[in-house]
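Visitor: As given, the protein sequences belong to chains A and B, one line each in that order. Counting in this note's numbering, the first sequence runs from 30 upward without gaps. Counting in this note's numbering, the second sequence runs from 5 upward without gaps.
Note that these hints are calculated values from the structure, not bench results. Every residue gets a Cβ at the ideal spot worked out from N, C-alpha and C, and that includes glycine. Watch out, some of these pointers could steer you wrong.
Capping the alpha-carbon separation at 27 Å, the derived lysine-lysine pairs in BS3-like fashion look like this [as the list claims (entries may be wrong)]: (1) B:K235 x A:K42; (2) B:K313 x B:K293; (3) B:K297 x A:K76.
Simulated restraints on C-beta separations [to be verified]: (4) B:G501 x A:G52: 33 to 41 Å; (5) A:T91 x B:V567: 21 to 29 Å; (6) B:R552 x A:D65: 42 to 50 Å; (7) B:D463 x A:Q33: 27 to 35 Å; (8) B:S466 x A:D65: 29 to 37 Å; (9) B:D463 x A:R94: 20 to 28 Å.
Chain by chain, the residues run as shown.
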Amino acid sequence: MQVQVKLYGTLGKWVAGYDHRTGLAVNVDEGATVADLMAQLGVPLDKIGMVSLDGRLVGKATALRSGVLVKVFHPIFGG
Amino acid sequence: MKLIKVDMTAKTIRVEDLPAAYKGLGGRALTSGYINDHVPATSDALGPENILIFAPGYFSATPLVNTSRLSVGAKSPLTGGIKESNVGGTVAAALGNLGISAIVVEGQAPEGETWLLKIEPDGQAVLIEGQAYRDMRTYALVEKLVDEFGAKNSVTCIGPAGEQQLSAASIQTTDMDGHPCRAAGRGGLGAVMGAKGLKALIVSRAGKNADPMADAEAFKAAAKAYAKAVKADEFSGEILPALGSACLVEAINEVGAFPTRNAREGQFEHADQISGETMARIIRERGGKTTHKGCAQCIIDCSNEYVDKEGKYVTSSLEYETIWSMGGMIGNGDLDAIARLDFLCDDIGLDTISTGVAIGVAMDAGYKSFGDAQAAIAMVEEVAAGTDFGKIIGHGPAAVGKHFNHDRVPVMKGQSMAAYDPRAIQGMAVTYATSPMGGDHTAGWVVDQNLEAFGGTLDRFSAEGQVEASRNTQIHMAAVDSVGICDFAQSGLAAPGGIENVYQMVAAKSGQPFGEEDWQALGLRVLKAERAFNRRAGFTPADDRLPRMFYEEPLPPHNKVVVISDAEMEATFDF
Ligand code: SF4
Numbered sequence: 030m031q032v033q034v035k036l037y038g039t040l041g042k043w044v045a046g047y048d049h050r051t052g053l054a055v056n057v058d059e060g061a062t063v064a065d066l067m068a069q070l071g072v073p074l075d076k077i078g079m080v081s082l083d084g085r086l087v088g089k090a091t092a093l094r095s096g097v098l099v100k101v102f103h104p105i106f107g108g
Numbered sequence: 005m006k007l008i009k010v011d012m013t014a015k016t017i018r019v020e021d022l023p024a025a026y027k028g029l030g031g032r033a034l035t036s037g038y039i040n041d042h043v044p045a046t047s048d049a050l051g052p053e054n055i056l057i058f059a060p061g062y063f064s065a066t067p068l069v070n071t072s073r074l075s076v077g078a079k080s081p082l083t084g085g086i087k088e089s090n091v092g093g094t095v096a097a098a099l100g101n102l103g104i105s106a107i108v109v110e111g112q113a114p115e116g117e118t119w120l121l122k123i124e125p126d127g128q129a130v131l132i133e134g135q136a137y138r139d140m141r142t143y144a145l146v147e148k149l150v151d152e153f154g155a156k157n158s159v160t161c162i163g164p165a166g167e168q169q170l171s172a173a174s175i176q177t178t179d180m181d182g183h184p185c186r187a188a189g190r191g192g193l194g195a196v197m198g199a200k201g202l203k204a205l206i207v208s209r210a211g212k213n214a215d216p217m218a219d220a221e222a223f224k225a226a227a228k229a230y231a232k233a234v235k236a237d238e239f240s241g242e243i244l245p246a247l248g249s250a251c252l253v254e255a256i257n258e259v260g261a262f263p264t265r266n267a268r269e270g271q272f273e274h275a276d277q278i279s280g281e282t283m284a285r286i287i288r289e290r291g292g293k294t295t296h297k298g299c300a301q302c303i304i305d306c307s308n309e310y311v312d313k314e315g316k317y318v319t320s321s322l323e324y325e326t327i328w329s330m331g332g333m334i335g336n337g338d339l340d341a342i343a344r345l346d347f348l349c350d351d352i353g354l355d356t357i358s359t360g361v362a363i364g365v366a367m368d369a370g371y372k373s374f375g376d377a378q379a380a381i382a383m384v385e386e387v388a389a390g391t392d393f394g395k396i397i398g399h400g401p402a403a404v405g406k407h408f409n410h411d412r413v414p415v416m417k418g419q420s421m422a423a424y425d426p427r428a429i430q431g432m433a434v435t436y437a438t439s440p441m442g443g444d445h446t447a448g449w450v451v452d453q454n455l456e457a458f459g460g461t462l463d464r465f466s467a468e469g470q471v472e473a474s475r476n477t478q479i480h481m482a483a484v485d486s487v488g489i490c491d492f493a494q495s496g497l498a499a500p501g502g503i504e505n506v507y508q509m510v511a512a513k514s515g516q517p518f519g520e521e522d523w524q525a526l527g528l529r530v531l532k533a534e535r536a537f538n539r540r541a542g543f544t545p546a547d548d549r550l551p552r553m554f555y556e557e558p559l560p561p562h563n564k565v566v567v568i569s570d571a572e573m574e575a576t577f578d579f
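Start from the sequences, fold in the hints, and give me the full structure.
Guide: As structure tokens, then:
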């Protein structure tokens, strides 16, 4: 199945040629989780603050659904 | 360790040693302590009894990075309580290098008089008649002051809003490039400066007389370790340089905490047009600057220079809070218009947060449509022009609400909240309600605990743990604002051994032992002084609340309200 991925902040550096305007279309295995997707893309989990699937925050063990929009954010600090 | 006292009534200047009671203090600890000790709490904030005090942080002009932070204190005309507003740029380092711990401005020049206060390279202060600078906007003012006095000065000044003594007036100060784009925005301190008759403070950057260190070597070693941690941290070492604080737009919007259209919604459909990612791309494409040094001794460079389609300067440091107040809050998805509004506020001397929220309230009341950026620009221009409606906008959101008899006004103690809706991050409800500063995000930013580790180590919709988080952060921040470390360099504090480095630096400068208990005591001392002042000014526990809209109107998309009880609010500070 395929999912759409957007990487925020400077997380795009982990994927060669990442263009934030288009994001990525990624093919993943059925039953793949957020953590599996990140491993496939090469984004280390400790660089991630939060992930949303179609606007809902999820944990790293959450399973992906076909066609879902995955937004990946860096940890935030400061104010 | 000099204290310069300027009496604007008598036009006299006295230079004293910093009184023993304030030894070892800087920044907010010094300004809030001094105001609490010397200003009658029920006095008129715009009268001669109020005092305006400028104090660099305790670490300003030391070898530690990111420490050019100036605290400005007074009784606030906006909240009626005590105020400390801090700002970067070059002035704090300049004052520190002159050996000046504080400048105290007392009394009041007769109405119609305009004065400049100049601090010479030897630390002497002079008052200069400044009628020729009256009513000038800040960019033109700084240009003229540079012509007259040279470029090796930092300028801290007010624009027309401060001269009109409007409650949302800021004090602007110059950045590394000499642009008056850095603001002590909150609390209307520009109006206090205007009421004193002081248009600008011109401080020589040539000082070589910083306070001596008890143990310079120990300080240097700890400062070096601290700087290394700031550089090594992903957020301060990589994300802030690339995107600035605007990197927060998409994240806060995604979690539904981005107050939109006067906080009717928590998500803005055009967030991607005004995000840090988009801003950085536009700046790059047009030949502007990301990764820009705004303040002296900064190694993060969170600032930027936003340019127009022709590559011409529009404004410097377009930041998250302004992108929100002039963007989502007024329903405006046009980043060029936001940049223009940011420039206008800096130039006229207005707090971008209070002004954007004031415009949002006016739009919510039906005065103009949400999203009408041209109407927003016109409203800000009216402030400079001094029209009746301009004055209402310039007095901030509460004044606008009163004018339209509209009760959806997101202010606490008269000051507007910032870019985090408390219904979607409950800890911010505690900070907004209980901070002696009024609605203020820097006083106790607890967003990270509520979002980190894939959705928060605290449940952001529940009251549990939020009071404690806010209390601890407010105490900690009161200490941070006193030593004068930039918020964004706090990564150095959070790193292993980071806070110990800070204790060591305080000890190395003062020659006195300093540890965790002293750090806590410093933060508590500040908050106690501020709360004591506010109590004498007439504040009661009933003022530590939010407006009704936050308890009654569920915020889409999560449809939550604030669930922190009054008793919990009151338990935040039991002193
Ligand atoms: S990180 Fe930004 S605000 Fe902080 S000192 Fe540097 S330029 Fe100034």
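Visitor: Work down the list of hints and note, for each, if the structure agrees.
Guide: A quick look at each hint next to the structure:
1. B:K235 x A:K42: holds, 18 Å
2. B:K313 x B:K293: Judged against 27 Å, a Cα distance of about 14 Å means the pair holds.
3. B:K297 x A:K76: holds, 25 Å
4. B:G501 x A:G52: 33 to 41 Å: holds, 39 Å
5. A:T91 x B:V567: 21 to 29 Å: holds, 26 Å
6. B:R552 x A:D65: 42 to 50 Å: Given range 42 to 50 Å: holds, Cβ gap about 46 Å.
7. B:D463 x A:Q33: 27 to 35 Å: Cβ of D463 of chain B to Cβ of Q33 of chain A: about 28 Å, so the range 27 to 35 Å holds.
8. B:S466 x A:D65: 29 to 37 Å: holds, 30 Å
9. B:D463 x A:R94: 20 to 28 Å: holds, 25 Å
Of the numbered hints listed earlier, not one is contradicted by the structure.
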